[in-house]
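Trainee: Based on the provided sequences and hints, a complete structural model is requested.
Protein chains in written order, with my numbering: chain X, 1104 to 1446; chain P, -19 to 391; chain U, 1333 to 1584.
Derived from the structure by calculation, the hints contain no laboratory data.
From a predicted model like this one, the values you see are computed outputs, not experimental measurements.
By construction, the Cβ of each residue, glycine as well, lies at the ideal position given by its N, Cα and C atoms.
One or more of the hints may lead you astray.
What the hints assert, rightly or not - So the derived label-pair ranges between C-beta atoms look like this:
id	chain 1	residue 1	chain 2	residue 2	range
1	X	P1408	P	V346	51 to 59 Å
2	P	A112	X	L1414	18 to 26 Å
3	P	I326	X	V1413	50 to 58 Å
Claimed, not checked - When the alpha-carbon atoms are kept at most 30 Å apart in a straight line, the in silico DSSO-like pairs for lysine-lysine are as follows:
id	chain 1	residue 1	chain 2	residue 2
4	X	K1231	U	K1573
5	U	K1524	U	K1573
6	P	K11	U	K1473
7	U	K1339	U	K1486
8	U	K1524	P	K11
9	P	K11	X	K1231
10	P	K383	P	K11
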Amino acid sequence: MDQIIVQILNGLDKGSAYALIALGLTLIFGTLGVVNFAHGALFMMGAFCAVILSRILSASYKVVDESQTDFLGNPLQVDVFYVQRWFGDAAGATIMDWAVPLAILFSIPVMIGIGFAMERGLIKHFYKRPHADQILVTFGLAIVLQEIIKYFFGANPIQTPAPDAFKGSLDFGVWLGYEANAIMYPYWRLVYFFFSALIIAGVFAFLQFTTFGMVVRAGMADRETVGLLGIDIDKRFTFMFGLAAAVAGVAGVMYAPIVAPNYHMGMDFLVLSFVVVVVGGMGSLPGAVAAGFLLGILESFASMPAVVDVLPGINQIIIYLVAIVILLTRPRGLMGRKGVMED
Amino acid sequence: MTDQTNPSVTTATPTARPRAASGGMLGLTKKDSTLMLIVFALVMLAPFILNPFPEGSAMAQFNAGYPDLMQRFVIFGIFAIGFNILFGLTGYLSFGHAAFLGVGSYAAIWSMKLVTLNVIPGIVMAIVIAGAFTLVVGFISLRRSGIYFSILTLAFAQMSYALAYSVLTPITGGETGLQIKNTDSPLFGGPTDGSIGRANLFGAEMGNSYELAVGSWLFTFNLGYYIAGVALLVAFYLSIRIFRSPFGIMLRAVKSNQQRMNYTGLTPKRYTLSAFVISGMYAGLAGGLMVAMDTQVGPERMFWTASGEVVIMTILGGAGTLMGPILGAGFIKYMENIVSKINKDILHEWFAFLPDGAEDVMVSIVYPFIGKGWHLTLGILFMLVVIFLPGGLVEGGQRIANKFRRNKTDG
Amino acid sequence: MGILTVKGVNKRFGGLQALGDVNLDVAENTCHAIIGPNGAGKSTLLNVLVGKLIPDSGSVVFDGQSVLGRQPHEINQMGISRVFQTPEIFADLTVMENMLIPCFAKRDGAFRMHAIQSTRHEGDMIEKAESMLDEVGMLDKRDMTASSMSRGDKRRLEMAMCLVQDPRLLLLDEPTAGMARADTENTIELLKTIRRERGITMAIIEHDMNVVFSLAERITVLAQGTPLVEDTPDNIKGHPKVREAYLGEAQV
Chain X
1104 MDQIIVQILN
1114 GLDKGSAYAL
1124 IALGLTLIFG
1134 TLGVVNFAHG
1144 ALFMMGAFCA
1154 VILSRILSAS
1164 YKVVDESQTD
1174 FLGNPLQVDV
1184 FYVQRWFGDA
1194 AGATIMDWAV
1204 PLAILFSIPV
1214 MIGIGFAMER
1224 GLIKHFYKRP
1234 HADQILVTFG
1244 LAIVLQEIIK
1254 YFFGANPIQT
1264 PAPDAFKGSL
1274 DFGVWLGYEA
1284 NAIMYPYWRL
1294 VYFFFSALII
1304 AGVFAFLQFT
1314 TFGMVVRAGM
1324 ADRETVGLLG
1334 IDIDKRFTFM
1344 FGLAAAVAGV
1354 AGVMYAPIVA
1364 PNYHMGMDFL
1374 VLSFVVVVVG
1384 GMGSLPGAVA
1394 AGFLLGILES
1404 FASMPAVVDV
1414 LPGINQIIIY
1424 LVAIVILLTR
1434 PRGLMGRKGV
1444 MED
Chain P
-19 MTDQTNPSVT
-9 TATPTARPRA
1 ASGGMLGLTK
11 KDSTLMLIVF
21 ALVMLAPFIL
31 NPFPEGSAMA
41 QFNAGYPDLM
51 QRFVIFGIFA
61 IGFNILFGLT
71 GYLSFGHAAF
81 LGVGSYAAIW
91 SMKLVTLNVI
101 PGIVMAIVIA
111 GAFTLVVGFI
121 SLRRSGIYFS
131 ILTLAFAQMS
141 YALAYSVLTP
151 ITGGETGLQI
161 KNTDSPLFGG
171 PTDGSIGRAN
181 LFGAEMGNSY
191 ELAVGSWLFT
201 FNLGYYIAGV
211 ALLVAFYLSI
221 RIFRSPFGIM
231 LRAVKSNQQR
241 MNYTGLTPKR
251 YTLSAFVISG
261 MYAGLAGGLM
271 VAMDTQVGPE
281 RMFWTASGEV
291 VIMTILGGAG
301 TLMGPILGAG
311 FIKYMENIVS
321 KINKDILHEW
331 FAFLPDGAED
341 VMVSIVYPFI
351 GKGWHLTLGI
361 LFMLVVIFLP
371 GGLVEGGQRI
381 ANKFRRNKTD
391 G
Chain U
1333 MGILTVKGVN
1343 KRFGGLQALG
1353 DVNLDVAENT
1363 CHAIIGPNGA
1373 GKSTLLNVLV
1383 GKLIPDSGSV
1393 VFDGQSVLGR
1403 QPHEINQMGI
1413 SRVFQTPEIF
1423 ADLTVMENML
1433 IPCFAKRDGA
1443 FRMHAIQSTR
1453 HEGDMIEKAE
1463 SMLDEVGMLD
1473 KRDMTASSMS
1483 RGDKRRLEMA
1493 MCLVQDPRLL
1503 LLDEPTAGMA
1513 RADTENTIEL
1523 LKTIRRERGI
1533 TMAIIEHDMN
1543 VVFSLAERIT
1553 VLAQGTPLVE
1563 DTPDNIKGHP
1573 KVREAYLGEA
1583 QV
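Mentor: Structural data, given as structure tokens:
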């Protein structure tokens, strides 16, 4: 039993990442009708927002400290961090420690800007072109984005730790009456899960309760009719692209402490996220979220030793297997709407 | 070049007077025969064409006429020609073609490990097994079209990769892959002295090379390369035949209007599946040839980025054109192997004629795009082609040629 | 007993009875029109005939064989060709290639891997396609890309593609919908010529009474999924039930 709880918990954080990326993908596909292969790259750029901010915050200058000497007796040069100089030692250290959460604030405007630029500069011209062209041009864009990141940050993963307060693990099992250390769950993963849930709830609330969201939902259902009502749907859709980019971005920021950001992490997640979207049902937001968590958990179940012993390798292929079965038996996916991408 | 991208003047247009169109060879029109001859000459003379710079000169690093790279040119050319039969004609975008290449490779290496070190059975096995595998994958994937088809093929390929990497280790060698070892004892004609067997064609080893030194130039003629080259010529010839056949028209009809096909009494699915299997067999041939050249295979050959690469090759060169895939494959492999080696020092040499400050500026502008950054250039080029040149480099070349022609007549 | 016999066909979509007990008999070598107000079930009936929809009950027999449960391509191979409301052609291909596809389909069946022989050497097929193009007056356009033609020409090409298969029955779905006056006249003329010279059986679904009365020899009036009357054009013109059906629509 405790094993099962462990696997569900393990599946949650990966599932959260899948759900967030799939949510953005679906927002873009549902509103703009564009299949965005560069969405994984946006996730990756979000993660690098965390890297950039933590580098900015730990910017330092050197001063000569007379009180310390090196082994030759010369005065030692020490790094002084700007934030510490400006905000005092303790506050500065805290700010540096909290670089990743702070990066969320930093990443939102950055990612919305990138999203706007992408939509206005490129995607806009592909609304009327075949899906294959959209896939190809965004695939090209993804390569370009990741190569740019690689140029500036190199090919190696960059460790970006979570704040000290979230280091360590929660002994979850004790709460449920298991003995100590039976079910350990790192705090940050818990934070990631709740954060994702918050973002997802936020996006749904936004679409559900604002006029803007209502128009967008109407546009997702029937773009032409909404256009006929004289509503400038294009502007709203541009904003939606920005929003989707921001969702992918913050998902990346918060994921940075879990997997050290590297330039190809976007591509790694993209393939799986597409599978998630297809399983959930192209164009269905709840479907994307549900499938994200479902597949994340399923994947971690499949990695249980007990399962792998019976079905070796199942952990490697479970997601694809589910996708194939779903696509063939329920072509619309779990919650897909009629008429979306059907032939 | 072909005119496929501009169907109103397409050479595929059938003529009621076949006699008037004759004058070519091997049953091809004159125009197609010319194309075939060009490719023939390119393949046969590649050791010269690709080695234009004398050994030891500053430009020698741009020589691509060494066997290993030449083999890659033609093998990836075959891979892309096959992919083009599917994507270029039917418009079905497969993101899993590397899996078929990989399966072909595994089949070939087992043939060489168990049966004979002669490459012919290995290559035949590669084509057959890859074809059978493609048939299964295609039968399932083609139940959907559009982006779903792309994702299904991607899912199958990733699954194959994951399985080859883990569970199927007894068959695939897992992470380390498979090599020919001195413990292998093929049924026919393995080495008896305990040495590692080498791939051969009726005794002539793939690695055999004849080197020709002319002045300070050195040209290498490698047996393996020429075998792969002949395979490319056959593959290219068959692709011309397919493009110009009724079957080829049917495949283009699939891309154009499946509904009309249905109501004309045709089954678009079976045509697409045939194209899918044919392109899978091309991939298998490419995979088999790879093994024939370097007698090894690993699962990374099936990773989805490898599938993405053949997509880029085909589209960059010109999807739906005959020459495009070959050009695209050559272009990318040249960048990957030659352009990627340019480093900062070489750039400084190039821009040495500039004043110091300007030299540094130029180097820092150019550097991100070449050397290790060649992927960036490739990504940008690929995007530009998708946006502006649906017919790829072939169409670009045609446009430039047309412009020149017009200028000439104007002047 | 005609070439196409529809008996007691019912089709429901949820709560909507799209077709209710439809009986229809198309005699060989006639032009049979099916008319009716919007939502009368004309398109549903057509989709049943070509195998796109399967009715809940009833039978559809073409030339002694049931068409129910067969795929559209099988029904075409039985000898039924369909012209669509908006021309369905192979837009990226040349006119000649558009014509060759139905020729090959007729000769080779639903699928054949004729991948090695050259299209240039298909002399018979090319001649057949050319003479058909000539018949519809499009031979000069044989090398044009189909998408670059006018709508009228696309319609003409689509008909030529259907006719070159020598169908036993030609189904036309509002062939003049959305056409300009002149194009409509041209299409009527073309259809008349085809009827006269080839004697092909036609079933036409049409909204435009002008088209119907200048072509049809028999007319079935459909209303709310059920055939109201079936008669000759002259008798239909003055039929009170028909007036009611159409006036009823006009009042709404």
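Trainee: Need the list of violated hint numbers for this structure, in ascending order.
Mentor: Of the numbered hints, 4, 7, 8 and 9 do not hold.
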